[in-house]
Each structure stands twice: as C-alpha cells, then as structure tokens.
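Visitor: Each chain, written out:
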Amino acid sequence: MPAGPASVGPLFSLALGVQALCGYGMPDGSLTADDLRSLLRFMLLTRGLEERLERLLKQGEVFGSLYRSLGQEATPVGSAFALQEGDWLAPSFRDLGALLVRGLPLRDAFLQYMGRTGYAGEGRDGTNPPTVPHLGLLGPVSSLGTQLCALNGVALAFRMRGEPRVCMTYQGEGATRTGASHEGFAFAAVQRLPMVVVLEHNRWSFSTRSSAQAAVESWSDVAKAYGVPAISVDGNDVLAVYDAAVEAVVRARAGGGPTILVAETFRMLGHAQHDARAYVPEAELERWRKRDPIDGFERYLREHDFETETGLTALRDEVNRELDRALEDALAQPLPAPADASTRVYAEPESGIPPWTRTDPIGYTDLAQRPPATPTPGAAAGADQSDGFLR
Amino acid sequence: MPAGPASVGPLFSLALGVQALCGYGMPDGSLTADDLRSLLRFMLLTRGLEERLERLLKQGEVFGSLYRSLGQEATPVGSAFALQEGDWLAPSFRDLGALLVRGLPLRDAFLQYMGRTGYAGEGRDGTNPPTVPHLGLLGPVSSLGTQLCALNGVALAFRMRGEPRVCMTYQGEGATRTGASHEGFAFAAVQRLPMVVVLEHNRWSFSTRSSAQAAVESWSDVAKAYGVPAISVDGNDVLAVYDAAVEAVVRARAGGGPTILVAETFRMLGHAQHDARAYVPEAELERWRKRDPIDGFERYLREHDFETETGLTALRDEVNRELDRALEDALAQPLPAPADASTRVYAEPESGIPPWTRTDPIGYTDLAQRPPATPTPGAAAGADQSDGFLR
Amino acid sequence: MTTYLEAIREALWEEMLADESVFIMGEDVGAYGGAFKITEGFLEEFGAGRVIDTPISEAAIVGAAIGAAHMGLRPVVEMQFIDFIAPAFDMIVNFAAKVRYRTGMGAGLVIRGPCGGGARAGPFHSQNVESYFANVAGLKMVAPATAYDAKGLLRAAIRDPDPVLYFEHKYLYRRVKEDLPEEVDIMVPLGAARLHRPGDALTIVTYGAMVYKAEEAATRIAEEDGAEIEIIDLRTLRPLDIDAILGSTRKTGRVLITHEAPRFGGFAGEVTAQICEGGFEWLDAPIRRVTALDTPVPYSPPLEDYHLPQVEDIVTAARWLLAY
Amino acid sequence: MTTYLEAIREALWEEMLADESVFIMGEDVGAYGGAFKITEGFLEEFGAGRVIDTPISEAAIVGAAIGAAHMGLRPVVEMQFIDFIAPAFDMIVNFAAKVRYRTGMGAGLVIRGPCGGGARAGPFHSQNVESYFANVAGLKMVAPATAYDAKGLLRAAIRDPDPVLYFEHKYLYRRVKEDLPEEVDIMVPLGAARLHRPGDALTIVTYGAMVYKAEEAATRIAEEDGAEIEIIDLRTLRPLDIDAILGSTRKTGRVLITHEAPRFGGFAGEVTAQICEGGFEWLDAPIRRVTALDTPVPYSPPLEDYHLPQVEDIVTAARWLLAY
Ligand SMILES: Cc1ncc(C[n+]2csc(CCOP(=O)(O)OP(=O)(O)O)c2C)c(N)n1
Ligand SMILES: Cc1ncc(C[n+]2csc(CCOP(=O)(O)OP(=O)(O)O)c2C)c(N)n1
Ligand SMILES: [Mg+2]
Ligand SMILES: [Mg+2]
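Protein chains in written order, with our numbering: chain R, 1 to 391; chain F, 1 to 391; chain L, 1 to 324; chain X, 1 to 324.
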C-alpha cells in the first residue's frame, strides 16, 4: 500500500504504553474496588481539569471560550469506562472525561486548549477536544452531529477487517436536530455498525430548552426512527451509566448493531464561559445540585465501605497534585512558531505554492528558475501522454 | 411594503378561476358521487398524462428523463383531494396527480416537461413539477427532502397571519434519509405547523430496497422520533388515502400540528425511463399489479353502482380527449428564445453585467460611457457616507 | 457613538418596526438575544411570533425562510457563526438561489452571521465563507466595514427581493464606533462600493475588517513614503461595483486586492479578472493579492496572526507595487 | 477503443484489485452498478463488503469515508450526480478538508461524480461545482478531459493521501473514445497540466469538456485565420500547474480561459490572478474568459445551449485577442 493516511491499526499497540492512565472495566461489566476508585478518580480529574482550564482562560492562557461539563461528569466517564483497548471514541465538545478515561494525558488536554506545541494538535484547534489515533480518540469538528458520521467510517473499517472493535460517540440532545446527526444514525443502523451513541440529554442546548428542540416525550424515542434499541439511564449515576454502556458495548461487539444510550443529566453552568445562564430557573439548578454525580458517588462509596473519608481526601489530593504537575509540564511547552501555521495542510510533499507575502513579493522563486517557456509538447487526446507536462 | 417577492395572498383569489378543474371534497371529508367520479378522473388523467409524456420523451419532445407514478396514482390524488382552497402543496417528483387535483392545467403540465413557453416555468426546470403560486403549488428542487423545509416556511406564514390554511407535501421513503428531511420534520413538529407529510413508501428508491434505506419495522416509526402522529394506509386505495388525509388536514387546520401519512404502495415502473428495473422480482410486480389503484377503484364504483361500464368508458374517452386537446395546445407553444436564458436571475432591475460573449467583446458598454474615472470622493469611516459612491 | 454591532441591531429593530412582515429566525435569538446579543430585547418588543428560536437545524431554518419569503414575508435568519451556514449550503445554493430563475417566484430573505478571524476562535468560528457562494447566480453578498454601512446595507438587504448573504465581521462588533447622523434615514443600496480613502498612487480594493488594515498601511505609506493610496471598500461583493474599481484603476494604474479569506480561489480572483477585462490598458503593474494563508484558520494566537493577512503584508505589497 | 466511462471503470477496477483497502460507497452502486453503470459488475467481483449501497445520505457517506480513511482504507465515494455533493458540503469543507491540519491524521478519499451540462438535465443534474470548493485549503480537485487522464488521474487520486474531488463530465462518458496503450501502466500525477495542442499565437487554458470546444475553435482559427492556438488542459484544478500556464503565457503573450461553470466567481478568476502575478510582463492583451452565463443551468435546449459557452464564443474571443 502506498504511503498514505496513518493506518491506525499498527499504531494502536502504542496504547499499551498509557494503560496506566487509561481505564476500563472487565468486558463482562464486573467492577473491582479499584475500578470504583478509578471511576471516581476520572470524575475528579475531569472536574479539576476543567476548573484549571477555566482559570487559564481568565488568565489568558486558554483562548476563545470554554465548554464545561460540571454536573455531567458521570456520563462521559461511566460510558467510556465500558470500552476496551482497541475501541474508538469520538467525544462531543463537553466530554473531556471520556478522553481521560481513554488515556489522554492530562498534559495534552491542557496543551490542546492552551494552543501550545508538544502533542498531535500543535495548537491548530483548541476549540475542540484533541484527536489521538493511538488512543482511538477522534476529535469532533464544531458542526454538530458530524462526528457520528465520521466515526461510522471507523466502525465500518472494523467490520470490514473482521475486528471485534467497538465505537462510541456522544451527542447533546440539541445536536440530534442536525441533518448530519440523522444521516449518521440512519447509516449506522442500516449498516448495523458496532456503534454506541451516548445521547447526553442535559436539558439545554445553549439557551434553548430541550422541549424546544424536539416535541418528543422521551429522547429515547429518537431511536425508534432508526430501529435501534435505546437505553435510558440516570446520567448522573456513574454506575448506572457504566452498566448501560456495557450492555450496549457488548451488543455492538457481538454484531448486534448500534444502541442509543440516553443519559438524563443537567448542564450546571452556562453553555460556555461567556454565558451566565440567566435563563435557567434557580429552582431547577437547585434540584440538580443535589444530584451532583461526584457527591453522590462518594456517598455511595462511603456507605458501602469502599472508601473512607480519609481515603477520599487522599484521592482528591493525589488528583490535584497530578493535575498541577501536568499543568506545570504544559506551561513549560512553548506556543507554536508562527510559520508553523503554513504546514500540514496536505501530506508531504506540500502541494501548492507558498503564500507570497512570506516569500518574495511576486510569490514565486525567481522567474529565471522557472521551467522552459515552451513546455515539452505532450500528445493530444487519446495518445500516450507520458511525455506531456507530467512532472 | 416595498416591491418584493410576489405576496401570494392577494394572488390567491385567482384560484377561483380554476375551480372547475381543481378538485376537493367537503371539509368534513364527506364525498358526493361527483367527488368519487372526480377522484377516478384525476387518476385517469395522471396516468394518461404520464403515458403521453413518456411518448413525448421517446419522440424527443420531452428531454432528459421522466419519473412515472404508475401504480401509485391513488396516493397523490387521494391525499391532495383532502385539501381546500387556499391550502398549499409541495409535491415530490412523482406526484403529478396531486398537482392536477390542485388545478394545474394539463397544458401547463405538458409545457413544463416539454420545456416550452407560455406558463410560469418558461422551460427553466423540466426535471421537476412546476411551481404555481396562485394554485398554492410549490415545486421541489431535486435535492431530496428539501421541499419539506421550504414548505415549513409557507405553513409558518399561515400561522403568523392567523390564516387557517394547511400545507401538504410528499416524500419517498428514500428521501426520509436525507438530513434536510430530518430537519424539516423536526422543525414542523416543534413548531406544530399545519403540515401533512405524505410518506410514499413504494418499496424502492431507485434500485435500493426500502429495507436497505432504514432498519425500521414500519415506516410510521419515523413519526415517533418527532413526537407527531402517523397514519398508515393502503396507498393504492384512493378512498382510504383520502380519509386519512382528511383526518390529518382537519387536525392541522385545527392547530393540532403535523401528521405523517404513510402510504403503502409500489413503484411499478423503473426509477426513471432509463431504468428497466431488472432488480425487481417479477413475483413482487405481479402481486402489486393485482392491486392497481385505478382498476380497484373502478371495480368499487361499479360494484356500488356509482358507475356503469358505459359511464366509465365515457369518462375514459372524455379524459383522453381532454389530454389530447391539452397536448395540442402545448405543442402549439414555442420553445423559449435562446436569449431568455439570461433573464429572471434576480428581480428587475437585473443586477450584474450581461455576459460578455453576448455583448461587446470586452464585456462592457463602451468605456467612454463609463462613470468618471475619478469617483466622487466619499467620506471615510464614521462620517456621513451619503456622498460616497452611492448610486 | 454607535458600534458596528448596535448598527446591525438598529437596522433590524427599525425594519421590524417599519414592516411587520419582517421577522427573525435563528438559534438562541429569542430569550438569550443571540450569541452576540444582536437581538437582545427583540423578543420582548416583537414577541415570539416574530422572533423565532429554532432547533439546531440550519437547513430547516433557511428552508423556512424561503417558504415564508414566498408568502411575502421578509425573514432575517441568523447563523450563530457564519461557519454554520455550511449545513444549509444545499438549501441556499439549490433552492433559494435558483427558485426565481426556475419558477418566477422570488425568495427575498437575509442570512446574516458573524464571520472572520482574530477572535482566537479556531477553524470553525473564524471562517470567511464568501467564496463558497461566489459562483452561485441568484445570490447577493454583502460585507460591511463601517457601522454606517452595517446599518444601511442590512436595511437594504431586508428590503431586497432576492436572497442576500450578509457577512458581519465579529472583530468589528465592538471595536468600530461611529457617530451616525441622526437626521438622514440611513440606507445603503446594494451594489455600490465606497471610497474609503482617496489617493492617486495605488488602489487597494478590499472589504470587511481588512478595510482597517488597509487604512493603517495607507497611513504609514503616506507618512513614510509620501504616496497617497486610494482605498475602495466594496461593501457589496455581488453585485460587484466594477465601475468604482475601474474608475480608480484608471486613475492610479496600480491595484492591490486584499481579503481575509485564503488566497487560492478567493474573491480577489474575480476582482482581478474583471479589472483585466475592463482596465488592462490602465495597469502599470501586476494586480497583487494580500490574503490569508491557504490553510484553515488556526487557533493558537501566533498561528492565527501568521495565517491572517497583516498590515505589514499590505505595506510590503504596496511598496512593491509603488516601486514597480 | 476505450470510452471515458470505461476508463474510469478500469481505474476503479484495477485499484480495487491491486489494493484491498480500496472500496466503493454510494447510492445504487451495487446491484444496479451506479446511475451511469460505472460500477456495473463490481458487486459480483468484490462483494457487498467493498461495494456498499448506502441510503440517500450524502453527508453520512462522506463522513463514513473520512472515518474509514482514518483507519487506512481508501474509500471512493460516488455522488449520483455531482450536484448532490451539496448536502455533504459541511462534511467535506469542515471535516475532510481540515482534519489533517487540525489533528495530523489525514483523510485520503475520493469523491467522484458526473458533472456538467449538455444533457438537458436541468438545474440540478448539470452543475459544475469546482468553485464551491476552490477556496477550501486541504482539498484537491481533478477534472479529466480524456479517457487516458480519466484513468490515470483516478488511480492517482485513489492513491493520494488527501481528499480529492474528482469531476467526471457526463457529456464525455460515451462520446470520448481512445486507444489506451496496453503496455504502460497508466498513471497521471495530480498537479500536472497537459499540453493538449501546441501553438504560439494564443494560449487557451481550460479543463473538462471545454477542452473539446476549445480544440474545435482552435482548428477553425488555424484553418480560417492561420493562427496556431496552444491549448492547456489543466487536468488538476488544485494544486494548479501554474508553471505550465506561465510557460505558455510567456510564449504566446495572449491568454483565454474557458470553463463551463458560470463566469462570476468561477475558477477562471484564480487562473487570471496567478497569471497576473507571475506573468504580467508577458501579456500583450487582457486575459479573457469564456464561460457560461451567470444563471442556473436551464432545462430547455435553446436555453441550455445559450447558457453554455459555445465554440462560437471561443472563436469570437480568440479573434478579439489575436487582433488586440
Ligand atoms: C451545525 C451547528 N450549528 C450551531 C452550532 C453552535 N452551537 C454550538 S453548541 C450548541 C448547543 C448544543 O447543544 P447540545 O447539542 O444539547 O449540547 P450541550 O451544549 O447541551 O452539551 C450550538 C447551538 C454548532 N456548533 N453547529
Ligand atoms: C440529495 C439527493 N441525493 C440523491 C438524489 C438522486 N435520486 C433521485 S430520486 C432518488 C431515489 C428516491 O427514492 P424515494 O425517495 O423512495 O422516492 P421514489 O423514487 O421511490 O418515489 C435518488 C437517489 C437526489 N435527487 N437528491
Ligand atoms: Mg444539551
Ligand atoms: Mg421509494
């Protein structure tokens, strides 16, 4: 095969290198005490990471805006935890937790949003989560609904190669209104792809109530139009999310086709940093504050004697130390060199001419160095053109 | 209101002029013996019209290709018959019957596909059914699924003006897979627009079986994703289609929002003229041949003594005479003058310069006639620009 | 002082007051007042019937605008970012743009939204999309640089009987402030360029936010080189005011075209071609372009600054042309 | 003799035989063999796993191609008519074109389909869409005129590591017939123009079906005016072979650009701009364009013939240039 797009198969073994950070339960869905701790840890890491990113934004170290998942952390963490090595995941823009579970180094998460160098993103797109082939992470583009369509192709490749690998992706309820989302669901369903779509029903899309996005009674009704099973679950209960995800992942791996996992949750902050969510009734917020996924899971772990308060405090400290260390590493990375902006549009060799303003004024190397004025004549239509302009 | 796009409201009264040809039942859905005859007549007209168009295509009087509705005529005819004056209808490309019911003159139907002058289309787009504002007919563009989105706007206008008018549109089961179709359904549903979507499930989209378009058990499941009611009906039984359409239209007019009417039917010919539909099993065709909507309805009319064989023969002859007369009129119309191609891109006054190849070689009227070389100076940003280049 | 953003808002407000057939559709345009607060307060004033919050369905929004326009209404559609016009591409290019030609029934509607870079917003919230639509007959395109034009062009666009794409540059929203004349009824007809700065040594043809970078470059060159550059702000991209461009070309004999979109296939190509056709004999030097790099718009500040055309680039190119 | 259509078919067939990572996706490409029968027999030979019939979902098809390409496969997507690339615009422009730049992970895929007019197919089955994508960095675009190039360019496109839009002109499918050399392994690299006809009096830059109208015009002018026109068939629109264009410009000093798409915002603008930048001093006359009218493609034969650029138009323009 000619040199082309990175074939990810071979690369994948690299993932072993990050197993330490990467987390997943048993294929059958059983969880050890360590796994429980791990689930909590990933939720704490997600929240701590986002808190730091928010601070960095205010300090001018992160740019544009920032979308937080406060109050929703159980959904990306619990669902991604059901995947195994070799599976692929395409997050939406509010699913950092899922990327951490899949092994995204904290440092790289910082770098992506800080627009710095030293990882795959190289500061090109800090408005979206990163893409990390060797971890099976496909970052989204901003056009909502599209990443499902792209991930379908990954799942298609798995099936064509007879690999028992599964894909998981995320979509807010608002994103399901896009044409791309519909085409993606329909394609996955009719092709019976090994695909799990986590529909994050967090009640709002920007300032729009989910009831204004669709007239459905339950968001699981979306699945009915595609003839695929749906599972509705409390998106703030990490174990419930995990169990549902395992069911879906096992079905997908067994060739049972896609599942839509509807996670009922709530967006506790504004849509993005600039949004004070004045339109969200305080009573509604209060109701959901009581259902914070981290508080709830810590309570569970204590009540069932999986953790002690001291153990939890230790874990929180450890998580904070980890995050601070990663942030330090990230801050040590430089911003990209300006001229790097012109690279990697195409595979090497770069096509097209360099932008004139950065080379000589007329945009070409000296005309004297140009090819002969009279090009070597090529034959006309139909004849052998091999002596045409081909170069 | 400044001169702008034709406001159709005022124009509509013109429709009265065509009542004679335009057909519809009572708002309550009751049908007189004349209505029954009328329903048969429109199905016969549709079939006869398409047969003639097919002949014209072979004779080179119709161009490109042609999409016939043979075996499906009951669906567009029965559904459109449930509309009242002032309602709007957006057909798909296989719904000529619906346009005839709404009063499209046969002559104009011929002209559209023959690319001749003398009606609104003026030969611009013979690949799609015509648009006739004063009849409330919005022709589709070829991109499947889009006409629902556009018709939503018509329904929105009705609601904004408090007019009790209803919209009806058509979509093949294949078209429902497009993003546009999804966005259109979702928009109509959440806005509770007075919209009836007739989903023509004719088993095939081009060479693709409907089971390969979607993994749904019943196409009425499509409605569940949008939280709107669906009615499934034998699309080859014109009375069943009519009754279902009346239910949907009455609900829409009463402010009950959209309905999806799933018509179960079958495409008896190939997708278009060039398609011999070799991929359709003969047995399947045979099964559906027995269910021809016209044969079936004639049998019904005879058995219930609404019509006698002589009466039916007379009707068929009358229909053929009508069609032949209309075709004669159409054949008397000229093809457009070539230069007409450059008109009506924008509202008058035409914007932009005429294409140079049809004017003087350098593409402009003599430079001498140009405005002064030094334009009257306009002020810089911020100041009053009224003396800038404004002309 | 009125900002560019307030000018857009005023135009919408006044047109909605003047003509009840004008209405607004878009994502979060109602209670929230739009991502950039252009329509803040509109819901209260005009009600949910004329300020319509929609699902995230750009194709459905544009489609609904088309149908409403057919019925004589005057929809103004907001794209939360102009980049999100892409999902509506088919609806715009194949339905809205062609419907009058095909059927005789027009679709007078406006699609407006924030375009352009400099906001560190990355590849999907920074694009300039005019070239995606430049070859589509039936569309008009507008890109105001001043608050005056933002207001006058939007009012004209709303009254225009054909589909108009209205590109407002997010970088200018709050940075551009002007004293708008109270007395005159601000209205800027589509298709007329504006002489932004008179000069005789060189013509710079530009639009949108680049007008200000061109101005900076012109000022520097006036001071340092003593040459006066004429700046033509196109304001409307289609129909193009070729007369204004050729008039200035005849005067200066040197033309520089600058836009924020990438170079290859960018709008400067059309301008260059029309100048060649109509003003070739007046040219004393090659027509030159200053544009963004042929890449997506990168996120990281040093990359974005390098990607976008800068004052320094215009100065370099202008000097090269003046010395030619 | 091999037709243009068979050449496309051969390229697909050979690449699928040579590389099992190559596969086909599209509407009715399987049992039916595609609307124009390009993939007839492929299902039987390569099976449903590599010849995938899809729902009517252009965005989903292109999306799936992107993901599959990320996994190292080489998808070739068929648009039933290239006009229907519009619903996939967002997926192509914002996902496929930008993904390597954003992430370092490429998407080597081909999107091919029948373009162009002359088939009396009306506004939605006759478009030339290259300009919609010309300003989008990250894409490559190909438009073969000969059977040889159709085959060689498609093979190269399939092996290319980046997204390639491959425009095949439906009017040429069965009208172009050539003896393709048995011995050589036909492969035409992207980015290289072809000298279709040598000459010294005038350069015509064109591509696709217009190559033949240009040739007819050149023959007539050779006979009737005794002037030899050089015709450059671009073959690849992006990356553009500017060296070939400038080389010929230097020789003839007169350039005519002709394409089938409308004039305003058409691809000729980019070519004109690059010639101005690189070859201004060699120009003895204005660069001129012969294009379609700035309208949709009308259905009725007299209208379509008037809309499309004709040999007569090229002759008129060429004579005007020669006399200049
Ligand atoms: C096609 C498209 N239109 C508009 C936007 C702007 N936008 C970004 S996020 C968002 C709301 C998304 O809501 P939802 O899908 O429910 O996700 P949530 O924010 O609730 O997690 C909108 C409208 C976009 N990114 N893409
Ligand atoms: C967006 C889009 N893609 C592809 C096509 C080509 N095409 C025209 S009709 C058709 C099949 C339509 O099937 P269906 O919607 O079931 O309608 P039917 O032909 O059965 O009446 C296709 C694929 C198109 N017109 N639009
Ligand atoms: Mg949401
Ligand atoms: Mg069908």
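Because the hints were derived from the structure by calculation, they are not lab data.
Just to be clear, a hint being listed does not mean it is correct.
Here are the computed lysine-lysine pairs in the BS3-like style, where the Cα-Cα straight-line distance is at most 27 angstroms [unchecked claim]:
id, chain 1, residue 1, chain 2, residue 2
1, X, K177, X, K37
2, F, K58, X, K37
3, L, K37, L, K177
4, R, K58, L, K37
Restraint ranges, calculated between C-beta atoms of paired labels, are given here [to be verified]:
id, chain 1, residue 1, chain 2, residue 2, range
5, F, R203, R, G118, 30 to 36 angstroms
6, X, A323, R, P338, 27 to 33 angstroms
7, L, A323, R, P338, 22 to 28 angstroms
8, X, R174, F, A283, 33 to 39 angstroms
9, F, A283, R, A254, 30 to 36 angstroms
Note that this is a predicted model, so its numbers are computed, not measured.
Don't be surprised by glycine CBs; every beta carbon is placed ideally from N, CA and C.
Visitor: Determine for every hint whether it applies to the structure shown.
Guide: The hints, checked one at a time:
no., hint, result
1, X:K177 to X:K37, "17 angstroms, holds"
2, F:K58 to X:K37, "21 angstroms, holds"
3, L:K37 to L:K177, "17 angstroms, holds"
4, R:K58 to L:K37, "21 angstroms, holds"
5, F:R203 to R:G118: 30 to 36 angstroms, "57 angstroms, violated"
6, X:A323 to R:P338: 27 to 33 angstroms, "49 angstroms, violated"
7, L:A323 to R:P338: 22 to 28 angstroms, "26 angstroms, holds"
8, X:R174 to F:A283: 33 to 39 angstroms, "34 angstroms, holds"
9, F:A283 to R:A254: 30 to 36 angstroms, "35 angstroms, holds"
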